[in-house]
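Chemist: With the sequences and hints as input, model every part of the structure.
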Amino acid sequence: MIGLESLRGLQGALLGAGGIVLPHIDYTAILPELILLGGMLLLLVVAALSPRRLATEFYATATVGIGIASLVASLVLWKDVVSHGPFTAVAKSLDIDGFAVLFLVLVSCVLIVAPMLAVGYLRREGIEGCEYYVLALISGSGAMFMASANDLVLVFLALEVLSLPLYVLAGFDRRRAASSEAAIKYFVLGAFSSAIFVYGIALTYGATGSTNLGQIAAFLARNVLTSNGVLLGGVALLLCGFAFKIAAVPFHMWSPDVYQGAPTPATGFMAALAKAGGFAALLRVFVTSFPTLRSSWQPVIWVVAILTLVLGASFAVVQRDIKRMLAYSSINHAGFILLGLQAATAQGVAASLYYLFIYAFLVLGSFAVVTLVAGRGDDQHDLSRYRGLARRQPVLAGSFTVLLIAQAGAPFTTGFFSKLYVLQAAVAAHSYALAAVAMGSAAIATFFYLRVVFLMYSGSAPVEAGVSPELVEPGAASLAAPALAMAAPSGQALASGLVAAGGAGVEPAWAKRSGGGSGASGEGDGAEPPGEATTGVPETPLSSSPWTVAGLGICVGATVLFGIWPEPIIEFARLATTIF
Amino acid sequence: MIHAAFLIPLLPLAGFAILAPFGRRLGNPLAGWVATALVAASFVVTVIVFVGLFQQAPAHRELTQSWFTWLGADRLSVDAGILVDPLSMTMAAFVTGVSSLIHLYSIGYMEHDEQFPKFFTYLNLFVFAMLMLVLADNFLLSFLGWEGVGVCSYFLIAFWFDRDEAASAGKKAMIFNRIGDAGFLIGMFLIFERTGSLQYTTVFARLGHVGTPSLVAIALLLFLGAVGKSAQIPLFPWLADAMAGPTPVSALIHAATMVTAGVYLMCRINPLLHLAPDAAHVIAWFGAATAFVGASAACAQNDIKKVLAYSTVSQLGYMFLAAGSGAYVAAIFLMLTHAFYKALLFLAAGSVIHAMDEDQDIKHMGGLARLMPVTSLTFLVAWFAIGGVPPFAGFWSKGDVLENAWAVTPALWVVGAASAVLTAYYIGREFFLVFLGERRWSEARPSGDGHGGHGPVAAQAVAGGPPALRRRPQDPSWHMSAPLVVLAVLSVFGGFINLPFHPSFVFLERWLDPVVGPALRRLHYSVGQEWLFGVVDGVIALTGVAVAASLWRRAVDRPAFEPRFLSAAWFLDLAEDRIVARTGTALATFTASVIESRIVDGAVNGVASLVRLFADWARRAQNGYVRGYALGIAGGVVAVVAYLLVRVVQ
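Line by line, the protein sequences are chains A and B. For reference, each letter of the first sequence is one residue, going 0 to 579 in numbering that gives the first Met the number 0. For reference, each letter of the second sequence is one residue, going 0 to 649 in numbering that gives the first Met the number 0.
To be clear, the hints were calculated from the coordinates, so they are not data collected in a lab. By construction, the Cβ of each residue, glycine as well, lies at the ideal position given by its N, Cα and C atoms. Some hints here could point you the wrong way.
Said to hold, decoys possible - So the derived list for chain B, only partly shown, Cβ under 10 Å to chain A, looks like this:
hint, residue
1, V606
2, V610
3, Q621
4, I632
5, A633
6, G635
7, V640
Modeler: Structural data, given as C-alpha cells:
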C-alpha cells in the first residue's frame with residue numbers, strides 16, 4: 000500500500016496540477032487483471048533475457064501459477080464483495096460486484112486449464128516459446144475487464160484487448176495456411192463488428208449523454224425514451240456487436256471457419272474465453288443499463304436465440320469435420336445461454352452464468368481430445384478418425400464421451416443442470432415457445448453428440464451407416480433411416496439402423512474415402528483441402544503428456560463432480576446474481 | 000409388550016433376506032424350516048402384542064409406531080409406521096397363524112420340487128407384504144403391501160412357469176389386479192387432495208370437511224381396488240385361473256389371506272363408508288351378486304380346486320355384503336372363520352391331489368374316504384362349516400351377515416340365502432364325488448394286490464379314463480395332516496368367538512368396537528327373531544346338504560345340473576376376453592404397427608430428413624468468402640436496426 004501511495008504521489012508530480020485529472024485508482028479492485036498483465040510482462044522479459052530457449056513446460060508452469068494467483072485474488076475479491084457489497088472503482092468505470100467476480104474466477108480457471116492442454120500440442124508441433132501463453136494472458140485480462148467494465152468505452156477497449164490476441168492465436172500455426180486464413184477472416188470480420196459496436200456506443204452516448212452504464216440506466220429511468228430512434232439504433236448496433244462476439248446467428252458465419260482453421264487448443268481457449276467475455280458484457284449492458292427498453296430488445300433476442308438454437312444444431316448435423324461440428328455445437332450452446340438473457344430476470348442471469356461457467360470446461364476438454372486425436376500436424380479432424388477410438392484409447396474415449404453427453408445435457412453431468420436452469424428461467428418468464436424450440440434443438444444436438452460417441456465405441460467394423468446417414472448411398476438410405484431417429488435420443492433406434500444397414504452390407508460412400516478425404520471440406524473455401532497423404536498420421540496417445548492428462552482430468556472431473564453435486568456452482572451463480 | 004409390534008412384519012422380511020441369497024445353500028428341507036420358524040415366531044410376537052393390547056382399556060387400544068419419514072414432498076408427508084389396534088392385530092394374528100400352518104404344510108407338499116427354497120422365499124416375502132398391508136398406519140404404506148402381495152401372488156401363481164397355463168394365469172392375475180390398483184391409486188390421490196394426508200387417523204378425523212360426492216367417489220375408487228384384489232364381479236376370473244399355482248399357495252393367498260385384503264380395506268375405511276351410504280349400498284349389492292354368481296359357478300366345476308376357487312369368490316361376496324351393510328364385525332368374523340375352513344378345504348384338496356398323482360378332476364376320483372380317513376373327515380368338517388350347519392363356525396358367521404343384510408333390505412337377504420343353499424350344495428357335491436361313491440381311478444399293476452373294486456376300475460382305465468396311479472392313495476405325512484387337524488378344530492369351534500346369545504358372548508364385536516364401533520349398524524331384533532334367523536339358517540344349510548346327498552350320492556354325471564352356462568361362470572371370463580382383451584390387443588397391434596411405426600417413427604425420421612435437407616440447403620450461404628460473411632453480418636445489423644426503428648415509427 001505504501002508503494003501504491005508513493006506511486007500516486009509520483010503521478011501527481013509528473014502531471015502537475017493543471018493537467019488531466021487522474022482518477023483515484025483502487026489497485027485491489029483490479030488485482031486479478033494486474034496479476035495477469037504483470038505476469039505476462041514478466042514472462043516476456045524472462046523469455047527475452049534468457050540466454051537459451053526455455054522449454055514450453057516452463058512457460059506453462061508460469062502461466063498456471065499466474066492463473067492460480069489471479070484465482071486467489073479473485074476469491075479474495077469475492078469475499079470482499081460478499082461481506083461489503085459491490086462497489087465501483089476507477090472513476091466508476093469498473094463495477095466490482097458478484098457478477099464481475101464470477102467471471103474473474105471463471106477466466107482464472109480457464110487460464111489455469113488452457114495452458115495445461117496446450118503444452119502437449121506446442122511440443123508436438125514444435126512451436127516452443129512464450130507467445131502462446133503471453134497472448135492467452137492478455138486475452139484473459141481483456142475478458143476480465145469486459146466482465147467488470149461499467150463504461151461502454153471500457154467495454155470496447157476490453158473487447159479489443161480480448162480479441163486481438165485471439166486473432167493472433169487463430170493464426171498461430173504459420174505452417175498451416177488454414178490457420179492464417181482463419182486469422183485473417185476473424186480479424187477482418189472482427190474489425191467490421193467492432194466498427195458497428197463503436198457506432199452503437201456513439202449513438203447511445205448521443206441519446207443519453209453518457210457512456211457510463213450506471214448513468215445511462217439512471218438517465219433512462221428518469222426519461223422515458225421508448226421511441227427514441229437514436230437510442231434504439233444504438234442499442235441495436237451494440238447488440239449486433241456482442242452477437243458477433245458470441246457467434247449468434249446470423250453473426251456466426253466466421254466461427255466455423257475460424258474454429259476449424261485455428262490451432263485446436265487455441266480453438267478451445269477461444270471458445271471458452273470469447274464466449275465468457277462477450278456474454279459477460281452483453282448481460283451486464285442489457286440487463287443493467289437497458290432494462291427500461293426491455294420490450295424493445297427482448298423480441299430481437301427472442302428471434303436471435305431461436306435462429307441460433309435451430310441453425311446451430313441443424314448445421315452441426317451435416318458436418319463431417321469434428322471442429323466444425325463443435326463450432327456449430329457451440330453456436331447452439333450460445334442459443335441456450337441467450338435464453339437466460341431473453342428472460343431478463345435474476346433467475347435467467349444466474350442460469351446463464353452457470354451455463355457459461357460449466358461450458359468453459361466442457362469446450363476446453365472437448366478440444367483437448369480433438370487435439371490429441373488429430374495427431375501431429377493438427378489437421379486430421381474427420382469424424383472417421385474417431386471410429387474405434389475406445390479400443391485404441393479407452394480413457395480418452397471415455398473422457399470424450401463424458402464431455403459430449405454432458406454437452407447433450409445428460410443427467411449426472413453439469414450439462415444437464417445448465418440446460419435445466421436456462422429452460423426453467425425461460426419457462427418462468429413465460430417464453431414457452433422459446434423453451435420448446437430449445438428442447439427441440441437439444442434433441443437434434445443429441446444426435447450429433449451421440450454419433451461421435453457411437454463411432455468411438457463401434458469398433459472397427461467395416462460399415463458404420465449411423466455415422467453420417469446423409470452420406471449413405473441412395474440404396475441404403477431407407478435402411479439407414481432408423482438411424483435418424485436418434486434425433487430423438489434413442490440409442491436403440493440408432494443401433495437398429497446400424498444393424499439394418501450393416502446387415503445389408505452397404506458401404507457408405509464417404510467411408511470408402513480415406514480419412515479426412517476431400518469430401519470433408521464440403522463447405523467453405525476456408526479450410527485447406529486436407530491432403531490424401533496425411534492419412535497415415537497416428538493420433539497422439541493421451542499418456543504422451545501428463546499436462547494434458549491433468550487438464551483433461553480437471554475438465555471431466557468438474558463435469559461429473561458438479562453434475563452429481565451441483566450446489567456449489569449453482570449457489571455461486573445465484574449469489575453472483577444477487578450481488579449485482 | 001405392544002412395542003414389540005415392529006417385529007411382526009420384520010421377522011418374515013428377515014426370512015426373505017436370508018432365503019433370497021442363501022436359500023439354495025440351505026436347501027431342502029432346511030430352507031422350509033427357516034421360513035416356517037420365522038413366520039411362526041412372527042405369530043408368537045403377534046400373540047404377545049395381542050395380549051398386551053387386550054390388557055389395555057378399550058379406549059387406549061390404539062398405538063402408532065412411526066419409524067421414519069418415508070416420503071416428504073411439500074404438503075405430502077408419509078411416515079413408515081404401523082398402527083396397532085384391534086382390527087390390525089386381528090388381521091395380523093390370523094394372517095400369521097394361517098401362514099404358519101400353511102408353511103408347515105408346504106414343507107411336505109413341495110418336498111419333491113426342485114425350486115423348493117425359492118418357493119419359501121416368495122412365501123416369506125408374501126407374508127411380509129401382507130403384514131405391511133394390514134399393519135400400515137397410512138394408505139400409501141398399505142398400498143406398498145397391497146402391491147407386494149400382488150407381485151408375490153404373480154410369482155407364486157406362475158411358480159411352475161414352464162407350464163403355459165400357469166404362466167398365463169400369473170399374467171392374468173397381474174392384469175386384473177392392475178385395474179383395481181388404478182382405482183386404489185386414484186382414490187388415494189383424491190384422499191390426499193381432499194384431506195391433505197394419507198394417514199388413516201388423520202384422514203378419518205378430517206372427513207367432516209369433505210363433501211359427500213367426494214366421499215362416495217373415494218369409497219367407490221377404493222372399492223374398485225378391493226374388487227380387483229378380492230375377486231368380485233366383474234374382476235373375478237383371475238382367481239379361478241390362479242389355481243394353476245401350487246395348492247398351498249391357493250390356500251394361503253387365494254383363499255385365506257391376500258384376497259381378504261379388499262375386505263380389510265373396506266373395514267379400515269368404515270368411518271368413510273359410514274358417511275357415504277350410497278357407496279355402501281353399491282358395495283353390498285356387488286357383494287351379494289358376487290356371492291350368488293360365485294356359488295352357482297362352483298356348482299358346475301369339475302376341477303377340485305376350481306370348485307373351491309369359485310367358492311372363495313362367493314364367500315368374499317358375503318364379506319363385501321356385510322361390509323356394505325355396515326356389519327364390519329360380521330365381515331371380519333366371516334373372514335376369520337372362512338380362513339379356517341377354506342384353508343382346510345384347500346389343504347385337504349392338496350392332499351387328495353397329491354394322492355391322485357396331481358390329477359385334479361373330481362370325476363376321476365371317488366371312494367377315497369376309507370383310504371384317507373383324516374383328509375375325508377376334516378373335509379367333512381369343512382363342508383359343514385362352510386355350509387353353515389349348526390354349530391360349526393360358518394353357521395354363526397354367515398348368520399351374522401344375513402341378519403345384517405335383512406336389516407338393510409330383505410332383497411339382499413334373499414340373494415344371500417339362495418347363495419347359502421348353493422354353498423352347502425356344491426361342497427357337498429364335491430365331497431360325494433371325491434370321497435364317496437365308487438372308485439373311478441385305478442392303481443398301477445404291481446401294487447394292485449387284490450383289494451376290492453379292481454375289475455371295473457381297470458375296465459374304465461382301458462376306456463380312456465385317468466391313467467393308473469403309481470401307488471394307493473393314503474393320508475399324507477404328519478406335517479401335512481397336522482395343519483388339517485388344527486384347522487378342522489378351528490372350523491368347528493371358531494364360531495364361538497362371537498356368539499349371539501348374550502352381550503357378554505360377542506367377544507369379537509366388543510374387541511373391534513374401538514375401531515368400527517361408531518360406524519357399526521346396530522340391530523334391534525328381539526330374542527324370538529334371533530332364534531327364527533338361526534332356525535332358518537340351519538334349515539337352509541341342511542337343505543343344501545340334503546340336495547347334494549340326494550343328487551350326488553350315487554351319480555357321477557348329471558348334465559342338467561352342470562350346465563355350460565355355470566361351468567363357464569356365466570360366460571363372464573369369455574365376455575371379458577372377447578370384449579376387453581381382444582379389442583385391447585387389436586388396438587395395441589394397430590398402435591404398434593400403424594401409429595408407432597408410421598406416424599411416430601415417420602415423424603421422427605421425417606424431421607431428421609428435413610433438418611438434413613434444410614441444413615444442406617442453407618449451408619450454401621457458408622461459402623467461405625469473407626465478403627459473404629460480412630454481408631451476413633450487415634444483413635443482420637440492417638434487420639435488427641430496421642425492426643427497432645419500425646417500432647419507433649409505430
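Chemist: Look at each hint and say if it fits the structure.
Modeler: Against the structure, the hints come out as follows:
1. V606: Since chain A brings a Cβ to about 6 Å from V606 (chain B), closer than 10 Å, the hint holds.
2. V610: Hint on V610 (chain B): holds, closest Cβ of chain A at ~5 Å, below 10 Å.
3. Q621: Holds, about 5 Å.
4. I632: At 5 Å from the nearest chain A Cβ, I632 (chain B) passes the 10 Å test, so the hint holds.
5. A633: Holds: closest Cβ of chain A sits about 8 Å from A633 (chain B), inside 10 Å.
6. G635: Interface hint status for G635 (chain B): holds (4 Å vs cutoff 10 Å).
7. V640: holds, 4 Å
In terms of the numbered hints stated before, the structure departs from none.
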